[in-house]
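Going line by line, the protein sequences match chains A and B. When we follow this note's numbering, the leftmost residue of the first sequence carries the number 1, and every step to the right adds one. When we follow this note's numbering, the leftmost residue of the second sequence carries the number 1, and every step to the right adds one.
Do not rely on the hints blindly, as some may be mistaken.
Unchecked claim - Lysine to any residue pairs mimicking SDA-like chemistry, simulated, CA-CA at most 20 Å apart:
| hint | chain 1 | residue 1 | chain 2 | residue 2 |
| --- | --- | --- | --- | --- |
| 1 | A | K91 | A | D57 |
| 2 | B | K79 | A | K91 |
| 3 | B | K264 | A | S364 |
Stated by the list, open to error - Not close to chain B: a few residues of chain A, all C-beta gaps over 10 Å, as computed:
| hint | residue |
| --- | --- |
| 4 | P99 |
| 5 | S235 |
| 6 | G266 |
Hints listed in this document are in silico derivations from the structure and should not be mistaken for laboratory results. Built from N, CA and C at the ideal position, the CB exists for glycine as well.
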Amino acid sequence: MHDKTLAELARGLAAGDFSSRELTSSLLERIKRHDGALNSFITVTGEQALKEADAADALRQKGEAGILSGLPLAYKDIFCTEGVRTSAGSKMLDNFIAPYNATVVEKLRHAGTVSLGKTNMDEFAMGSSNENSYYGPVKNPWNPTLVPGGSSGGSAAAVAAGLVPAALGTDTGGSIRQPAAFCGITGLKPTYGRVSRYGMIAYASSLDQAGPMARTAEDCAMLMNAMAGHDARDSTSVSRHVPDYTQGLDKPLNGLKIGLPVEYFGEGLSPEVETAVREAVRVYESLGAQVIDVSLPHTSMAIPAYYVIAPAEASSNLSRFDGVRFGHRCDDPADLEDLYKRTRAEGFGDEVKRRILIGTHTLSEGFFDAYYRKAQQIRRLIRQDFLDAFTRVDVLMGPAAPTTAFELGAKADPVQMYLQDIYTIAINLAGIPGISVPAGLVDNRPVGLQILGPHFGEAHLLNVAHVYQQATDWHQRRPEIKE
Amino acid sequence: MQWEVVIGLEVHVQLSTCSKIFSGASTAFGAEPNTQACGIDLGLPGTLPVLNENAVAMAVRFGLAINAEIPEYSVFERKNYFYPDLPKGYQTSQMAHPVVGRGEVDITLGDGTVKTVRIHHAHLEEDAGKSLHEDYSGMTGIDLNRAGTPLLEIVSEPDMHSAEEASAYIRAIHAIVTYLGISDGNMAEGSMRCDVNVSLRPKGQEKLGTRAEIKNVNSFRFVERAIAFEIERQSEILEEGGVVIQETRLYNPDLDETRSMRTKEEANDYRYFPCPDLLPLMLDEAYVEHQRSLLPELPSEKRQRFVESLGLSTYDADVLTGSRALAEYFEAVQQHCGDAKLAANWVQGDLLGRLNRDGLDITESPVSAEQLGGLLMRLADDTINGKAAKQVFADLWECKGETADEIIDARGLKQVTDTGAIESLCDQVIADNPVQVTQYREATEDKRGKMIGFFVGQVMKASRGTANPPQVNAMLKEKLDALL
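Pulled out of the complex, with its shape left as it was, chain A reads as follows (with noise of 0.2 Å):
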């Protein structure tokens, strides 16, 4: 059953091959045998899934299932799950319970989900590699000595491994797309505002945007039809018609126009990543896609801006653990400023301090203009140039990360791992969705093809992807797990 992609599972289950409990407890299984090696769960919730299972059956029984009844998944360890750890891979927040549901977690457990635990990432969602948690790094299961991708991480490598069909992640800088990329899975960011962030810990609140991580397009649709929508909770969420995404996704791509950033296929990229993308482009071609070279002019300018905005707005996001009403507090503080130094210092780890501080400068007096109005500028910028390149092109097509997974303790220097976000950063700064597919593999390792279109076009996206999926088997590939 592990094999199986949400879709084919829901098909079982409402034929009656197999019930949510044997489902769930046979995941549950093999998250004992497997997530030992992995790391891919920071806290599994057995009990309460096997209760959650019952309920689904029960239902089904009485014939009011839904679409996504009993089906089980994952959160990444950022969305407030109620009664249950919320940690953000964070000592900070080793001990907070969260006492409420995000509201993404609401609408699906609403659909009748099954949710397993919650999944491991980068502390506070902040990383390209998974090795920033407090749980420490997960492993990818295509190869346990490279890193799954972050700051999803987690939720990747449980999916790739089939510990679970699905899960959900967020995406702030490219943390759904590149971990789906490392681990040979099918991401999705939706457009910001899509979906509420309600509940979800916040990194950098303008570029972080929750979506669905599973194995196929079509999965990803199913998800997005129960996460989708205006929550009157979150002022940034878009009031504006959901329509039903696994419609239309066999819709024949004749006459699509694809859009090649050249910007995306420049230095850094590695040509067995580029290759792959190239003959992914291809595969399109043959399905009847015009290709066009397009220029996004201001993608250099994407990483900087990213690292001023993101952590200027980390900065402030950070600043309520303080150890004064939940989360990590210092033993005995002498006063009030040994409570904060000592709680902040002891409760985040380095990466999540680093960007505490970019964060503060940029934002403290006399910097302000050079660093954080000057991004904003830059982002505007960005925006445009996509606005600009969707008057010619529906999608915009290139690699989802530079390389394949690289080994763990590989980039020890923050700007190089900074770099690895190169190719998805400038879509959250934009507010646009993007989707990454396998589309190939290089030395065992997957390559993620990404697909970008303009704001709501994420039903259109997830057709693209979808007929690439018909049309290929690389989504099918599945990493060599020793049973």
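Chain B: place on chain A using the hints.
Coordinates of chain B only, in the frame set by chain A:
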């Protein structure tokens, strides 16, 4: 040297919305600590703010009341600093693009002159919680009931030049916000508090002197006292050739002095930036016009109407429009008795005097506007005289009757206007006081006017105060002059 005082005020007004500015938690005053703080107010991870539309509407109505521009676009920003009662580590406020732009407020000074104070802007923000230092033996308790309460911060230009002007200014702001019903203006409960900026400069100098900011002053009187103290302190420093340092000070009402809280060097860098959780606030013309249509009559309009249609003096109009409750009380009295001047005199004199003496607010008056109006009606139609009216008022105050008429009847205070009865009383008094009659006859013309008072007094006494004094006066004059 001659010094000029320059004063600017930042008034924080707590808006009387039912729920907080970014959450659904209640804003009621006086609840058990931490019972009115939801996850958003506690800054729980993952929670997000949603703007309370009513707070925006109230801010806009304030802006319209002071003739301010209402920008189409305003932005909420985060003001970042650490404090235990600031749950998120930042206060959501407005800086670069506030909801209310430039406006102006007229203030009336003691000598009746009216002066215009310019408003720089007014912005919306959330309040912080409260740190409780007592009862925790060396520890600090945190109450977050107040966290997230909507505040409107009204920032004036440095247009005031005396404690009196500053005081008149806050009274004017108080009147406006209470008229609009956007705040209860209760300073004791912290619904209105202000930061006062005071600096001195040599008379005639354009450039402002170095200012001290006095934080969180919470009564009209304390504002005047704190400013007086600051003027004294700063002028002493300057007279001795010293330099005033820029600092934040606190006013201590017990010692009646200000003391330093922090200097500029210690001040925070708040690292303001637009809050990414809240979209810019867009207000179109239709919205603003709708809010305008909801405005009640404002103090300045009321004042003008009291002078123009009711014939009150500007002084009376000013006092009576000091608060919405007082103005409404006066109007009710006036409508009841039909005599604006009489109503104005009684409300300002007997009523306010008595309320002040008993430490009561107009809303707590034991004598209702209807009761006072009923009393004044009897005074106006000559049923009773002024002296009796005072007795009736005292009885109403002591709740000795529901209406003035009941008291007048019960105590037999009805004025005697029957000419026959008055005439016999006058005759009796003249007969009983031959010595005084002789003196009257022998007095010069101009002295007689005063001497007649004696006879009037005797007649009034004989009538137990119920005789109509002008009538008595006229009749006595006639009778005594006939004896000349």
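May I ask which of the numbered hints given earlier this structure violates, with the numbers listed in increasing order? 1, 2, 4, 5
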